[in-house]
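Undergrad: The residues making up each chain are set out below.
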Amino acid sequence: DGGITQSPKYLFRKEGQNVTLSCEQNLNHDAMYWYRQDPGQGLRLIYYSQIVNDFQKGDIAEGYSVSREKKESFPLTVTSAQKNPTAFYLCASTTGQGITGELFFGEGSRLTVL
Amino acid sequence: AQSVTQLDSHVSVSEGTPVLLRCNYSSSYSPSLFWYVQHPNKGLQLLLKYTSAATLVKGINGFEAEFKKSETSFHLTKPSAHMSDAAEYFCVVTEYSSASKIIFGSGTRLSIRP
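As you go down the protein sequences, you meet chains A and B in turn.
The first sequence begins at 31 in the working numbering and counts up by one.
The second sequence begins at 33 in the working numbering and counts up by one.
Hints in this document: simulated from the structure, not taken from any laboratory.
Hints are not guaranteed to be accurate.
Mimicking BS3-like on lysine-lysine, the simulated pairs with C-alpha atoms at most 30 Å apart in a straight line are [said to hold, decoys possible]:
1) K90/B <-> K87/A
2) K100/A <-> K100/B
3) K100/B <-> K90/B
4) K100/B <-> K113/A
5) K101/B <-> K133/B
6) K87/A <-> K133/B
Cβ-Cβ distance ranges computed for the label pairs, FRET-style [unchecked claim]:
7) L39/B <-> S110/A: 36 to 46 Å
8) Q71/A <-> G94/B: 24 to 34 Å
9) R74/A <-> S44/B: 31 to 41 Å
Just some of the chain A residues that point at chain B, by a computed CB distance under 7 Å [stated by the list, open to error]:
10) Y40
11) P69
12) L73
13) L120
Think of the CB as a built atom: it goes at the ideal place given N, C-alpha and C, for glycine as much as any other residue.
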């Protein structure tokens with residue numbers, strides 16, 4: 031079945047460590063997104079990519095980095111520069127005409143900083 | 033500029049009674065509007081979408097929404113609530129101007145009383 035796979039589902043990190051969250055899709059979608067969700071809040075855009083080897087900063091990119099070397103993959107690195115990284119992270123994808131299309135979401139990755 | 037406002041952060045209804053989750057939007061162009069549902073520790077799933085076709089949109093699990101341009105609203109309704117409807121609901125608006133212009137509401141938590 032087509033879909034988006036995020037891993038790991040749960041991740042614990044010590045302060046000062048970088049961690050990488052994986053996002054893989056087999057939907058043949060061009061556009062991919064990373065969102066952060068905090069309790070009781072909506073989704074905030076971290077980074078997005080509309081095409082391989084290109085990505086753009088979202089509203090809260092500081093302390094995060096991404097790469098898009100393959101169409102299927104859009105990993106997110108949470109760096110030590112991110113001051114408050116504990117959150118639920120969601121990856122999504124959509125077709126190139128994403129504005130009128132549905133966003134498909136992964137199951138999320140919950141990061142906790144110890 | 034786009035914006036979306038979910039008027040209630042929390043709605044509680046009794047099982048078997050109607051559900052109304054309210055969403056108002058602002059858009060400079062013809063918007064596309066979506067409702068997504070999120071169960072705890074899960075990704076978001078599309079309930080329904082409006083993309084300039086019929087103004088009354090039917091979605092999954094008995095939900096529907098009506099696009100009212102004059103009121104700039106896109107309220108989500110269901111005639112009879114079920115316990116399994118307890119979740120977080122997000123209203124989303126997009127504009128055909130940039131792939132980054134996907135705006136999420138802050139969410140409405142729906143609780144169902146037995």
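Undergrad: Against each hint, give a clear statement of whether it holds in the structure.
TA: Structure-based check of all given hints:
For the proposed pair K90/B and K87/A, the alpha carbon gap of about 34 Å is over 30 Å, so the pair is violated. Distance check on the hinted pair: K100/A and K100/B sit about 41 Å apart at the alpha-carbon level, beyond 30 Å; violated. The suggested pairing of K100/B with K90/B holds, with an alpha-carbon distance near 15 Å, which does not exceed 30 Å. A distance of roughly 42 Å separates the Cα atoms of K100/B and K113/A; the hinted pair therefore is violated under the 30 Å criterion.
Taking the CA atoms of K101/B and K133/B, the gap is about 20 Å. The hint holds against a cut of 30 Å. Annotation: proposed proximity of K87/A to K133/B holds, straight-line Cα distance about 12 Å (limit 30 Å). As the Cβ distance of L39/B to S110/A is approximately 39 Å, the hint placing it in 36 to 46 Å holds. The hinted range of 24 to 34 Å is satisfied by Q71/A and G94/B, whose Cβ atoms lie roughly 28 Å apart.
For R74/A paired with S44/B, a C-beta distance near 26 Å fails the hint of 31 to 41 Å. A cut of 7 Å between beta carbons decides the hint on Y40/A: the least distance to chain B is about 9 Å, and the hint is violated. Given the 7 Å rule on beta carbons, the hint for P69/A is violated: about 11 Å separates it from the nearest Cβ of chain B. Among the interface hints, the one on L73/A holds; its C-beta lies about 5 Å from the nearest C-beta in chain B, closer than the 7 Å criterion.
Given hint, L120/A at the interface with chain B, holds; its Cβ is 6 Å from that chain's nearest Cβ, closer than 7 Å.
Hint compliance for this structure: hints 1, 2, 4, 9, 10, 11 are not met, and every other hint is.
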